[in-house]
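S.K.: Listed below, chain by chain, are the residues.
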Amino acid sequence: MNKELRARWRRTWALMLKETRQLRRDPSSIGLGVLLPVMLVLLFGYGLSLDIRLAPVAIVLEAPTPAAVELAAGFELSPYFKTTVVTAMPEALALLERRQVNGIIRVPIDFTTRLEQGGAPVQILTHGVDANTARLLQGYAEGAISQWAQRRQGEGQTVGYGPVTLQTRLWFNEANDSHYFLVPGLIVLVMTLIGAFLTSLVMAREWERGNLEALFVTPVRVSEIIIGKTMPYFGLGLTGLTLCLLSSKFLFGVPFRGSVTVVGLISMLYLWVCLGMGLYISSAVRNQFVACQLAVLTTFLPALMLSGFIFDLRSMPWWLNMLTRLLPARYYVELLQTLFLAGDVWAVIWPDTLILSGMAVFFLWRAAAVTRKSLE
Amino acid sequence: MAAGEAAPLAVSGVKLCKTFITKSHSVQALRDVDISLPAGSLTALAGPDGAGKTTLMRLLTGLYAADSGELTVLGLDAKRQTQALQTRIAYMPQRFGLYEDLSVQENLDLYADMHGVPAVERPARYAELMEMTDLSKFLGRLAGRLSGGMKQKLGLACALVRWPELLLLDEPTVGVDPLSRRELWQIIRRLVAQQGITVLVSTAYLDEAEHCRQAIVLAEGRVLAACAPQELSRAAAGKVFLLTPPPGQAARNLQARLLDRPTVADALPQGAGVRVTLRQPLADPADAPWPAQTQWQAAVPNFEDGFMLLTSAAEPRLPPVLVLHHDGRAPPAAAGEIVIEVRDLVRRFGDFVAVNHVSFQVRRGEIFGLLGPNGAGKTTTFRMLCGLLAASSGELRVLGQDLRFARAASRRRIGYVAQKFALYGELSVRENLEFFASAYGLRGGRRRERLHWAIEQFELSVMLDVPSGRLPGGYRQRLAMAAALMHEPEVLFLDEPTSGADPRARREFWRRITDLSDQGVTVIVTTHFMEEAEYCDRALIQDGGRILAQGAPAEIRRLGARPDGGAPTMENAFISIVSQARLHE
Amino acid sequence: MWAMCLRVWALTIKEWLAVLKDKRSRLSLIMPPLVQCLIYGYAATYDLNHIPYAWLDNDRGAASQALYAKFAGSGVFDLRATPPNAEQARRLISEREALLIVQIETDFQRHLELGEPAAVQVIADGRNSNTAAAATAYASAIVDQFNVEWRAAHGAPPPPLQVFSRSWYNPNLETRWYMAPSMIATLSLVQTMMLTALSVAREREQGTFDQLLVTPYSANEIMLGKALPAMFIGLGQASLVVVVAQLWFHIPFAGSYLTLYAGLSAFMLAAVGAGLLISAFSATMQQAMLYTFFLLMPFMLLSGLTTPIGNMPESLQYLTLMNPLRFALTLVQRVYLEGADLALLRPYFMPLLIIGALSLSGAALLFRYRLN
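Chains as they are written, first to last, in the numbering used here: chain L, 11 to 386; chain Z, 8 to 592; chain P, 861 to 1232.
Just so you know, these hints were derived from the structure itself, not from any lab.
For glycine and all other residues, C-beta sits at the position ideal for the given N, C-alpha and C.
Some but not every residue of chain Z turned toward chain P, in silico, with C-beta under 10 Å:
(1) 390
(2) 418
(3) 428
(4) 439
(5) 447
Based on the provided sequences and hints, a complete structural model is requested.
M.R.: This is the structure in structure tokens:
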């Protein structure tokens, strides 16, 4: 029996070696496994941001009274806005039309006089096509105006803007930096890409090239083929993970509040889920083109759009929310965001880990079940 | 082992049936097939395309399970004890199973690991395999970069990393040149003789079956014969004759005419004459189907004669004569003018010289053959002629032009049939024809006429709406020819058109080619079947990029004459020319 | 010339048939865009409809009850718990039970009655800072409304300032209004590029490319024959999304269809150019697929679809000038939502045409280079 075990191990090892060699010799796999993650890390880390910084706005000062100028100065000094001061509305509208500004803050001609009586109007007009940006801009603009009002109140000039004032605090992300949630999401994308997308091609490729027919008529077992196929990609996935973790810490300064061990273990678990999905797709369709399209449609795009990574799950209708519960990426995103920003919150970790383990077992079992040593 | 002491059987199958069911129809691949292979025997599995050879092989490996019947392989139930079975046999599928992005050594190591060959035994084992296959120079080369023959040998080496009890080889010699073929067979025979391995080989080359102790002939899923090959040859005794055509008549024309006679089972050009197999022994010479003035003599029947006799009974008649021009237009005048001229043609890939100062001419109406071992540079030459590849230096004229720079008008004068079936598989037969008609600029009434002509001449009407990817082999070949001939080209290029085709389909194909040549079409053809060089007016033999011999088949045969003065077959001549040239290097 | 047109037409028909003949591949052209358009129409939104929150009231006065009633009646806020202390409230957030805690301090009522500013603390889960920002904005709007009503009820003078916020082209600031028109361009890009990139690679792999090359077709004619059907299919898919956006999501179409299709055609030209460029580079289908994927990723991420281009660093913003999707997105949005006319759209048309011309001629050059 011991001898049989040794033989099994040797076969598995040989298959792993073979797969690694093939991986190394195929420039497109290297590209997808290494270059694409690097590109994504750089894009997400440096390029993409949902935060408003220096948003172009036009301020219409219809009468440059001291109070109005002071209000405008509040905008000019704010890190959120890049202001263009104009004197008449049509001018500002033209700017908006040409998309040179995203919003207009109009301080009307009777602003100062009405300020004394109360109810001085300030108009905020945003370009609403990009609704999210518009909403954020609107919020920041209202904030800037109310800050100005509070400052004036503090100086004893006029009665309060309140009475109830809102003090907001953002937990886990005090700096209100969107990188804090985009970078953990990026790890999900990279893991999905390597785990599911690359492996979706491997079995199909061997079916297409007819390699399996010869391989089947040897003492090899299906479980050995599957392990031999997945391990190299598992290694590649871990490399990608290390790359992402290091860059998130040292390049982008995302705080890391959970324990590295837990993140590592959970990422490996997720990688197994992805490998299982990729292999399952690949063995089931046996055609590279179809497998690749299926992998993108069922793993990568959902990981991007439906995992709660960019678009919050709480924004989705209930039926869609239920649907996302079938997606492994959803749980991984939740876990990573928690582990990065909140710490080891076991009430989140346990249930999600359990579900992911179940999915890993299911997909690997399915992959093994559809790969039989038979051509029928 | 399970079988009795007197005749231990490595394989015994009784009443094996296998049916494949797809959405639209079901195919009975095997019907009540009985098979028994004595241990330590060499058996050939022959039969036309689609006879069920590969299906039977796969049943023996446990890759398919039989629908009914009993199959015992090495004493194991092939259906249930698959895993145990697969550790004791070796199998080389038609598409090797080599990993093309691994080197020769890495492929060997992989299979050695799969079969659990201990590390201490490997050096000796590899040395043996390398000596056998002569691959030691290429150990570091990627398998994908090997020539077809070397790939086959490597595939065989991988299957033999340990001596199996049963070796199954599925068409190991398809696409392999005669030299490599001969080497492969030497290896196989040695295995049987020295190691006592049971071997089953399926093949489309019927002369190969003669080396075997037993031959099984399959057709349409049934066993037509299972006996010693000599027995099948004997069945043709008294029915085979060698004819010498009257002066002035080409052998291939006589052969083509004979094929139409109902009493003729088979005819093919051989040497300067024609070999004919009759359905019945010739009782009275006056009943002979050949013209009276023909000289004839009885010949010793071989396996192929017996095979053709056996299978021709079931097969449909050959198609009628192919007429290229539907309107009965006369062939273009000025026959004999030079249509293709190649001078000092060279093609390099990096340091490697694939084609080395090649020159030849082809005249209108000739059938010109490009022969050579795998990797000799004939495909490269061919691709340059068609304008698919640039020449490094030298001159090249097809119909007075280099096709690479030719305008649409001159490309309209050539036709091309690729090695692999290269029509659009998802389109139906009709749609493929319509597309190529438009591609060659046919329109209006002429387009309709030519489409009609193609469907008529190539008997495609029953398959018109079938996606061409799902056509049976014979129909594909015909469709490819039809698509290449609709625009009535003056020159037709054919790249290994008969590779992997069964004897019957090959006869049919050459029959059409000779018809075309008679109508003034110039044909350039590459082939691995040396007997087919006999159909050519002239041929050239290439090896290592250079021309070794050029001329009419008879001249080439003379060049390769054996020292003992015996008349060589085309294949023997080829082998002796190539091996002599290699010796001189 | 006429002969050439006929030849190209034949090739177009052939490509068309090859794609549309098989029921499965027909479905694969229609279903993915349709399903994605529907799912992402619901999923790709930053709008919050249900904000799970916890109410921590340390005051328990009439005023805090009134404020609570406002939250409860908003229809957006969804009460999950009323934790007794800050410790428990904190746990609700870290365990993702609640997105927001509204915390009322002990002397809330007293401050209000004295006319002093009374603070309400809102603590949000910042793990997704974008969601958190949106949620606090909703809370702030509720508080503002509460203030107005409180002042009116207690005879306080109106606040010195009144802020009127309005948004053009998308009055309710629905993300879907932004996403659905964006998908018109994005979804058609994916398949158009994939189809063109693969069509040549497939012919190479199946050996039909040689067959095509020995026919009277020139390299340019082959390219044209490959480009046209892909463009038509892309336009077809775009139309599908236009229909869904209007009939299913009821997003009003403000512009002219002529302008929209002119813009989409220019975009398809650029997309097909990119696809052909890939196909000129790749020898196998696998390579073509991977390269397409390689190009699609930055195209999508740097288009402004998920994150605004204005937020990117300047160097990256220059890079987006090579991205056809960037221009197409804005173009389609402006036609669809704003009803912009051709004159206004010039700055988007020109880059698309330039990218298309450059990539197509690049592909043509490469094709001829590879053939020679």
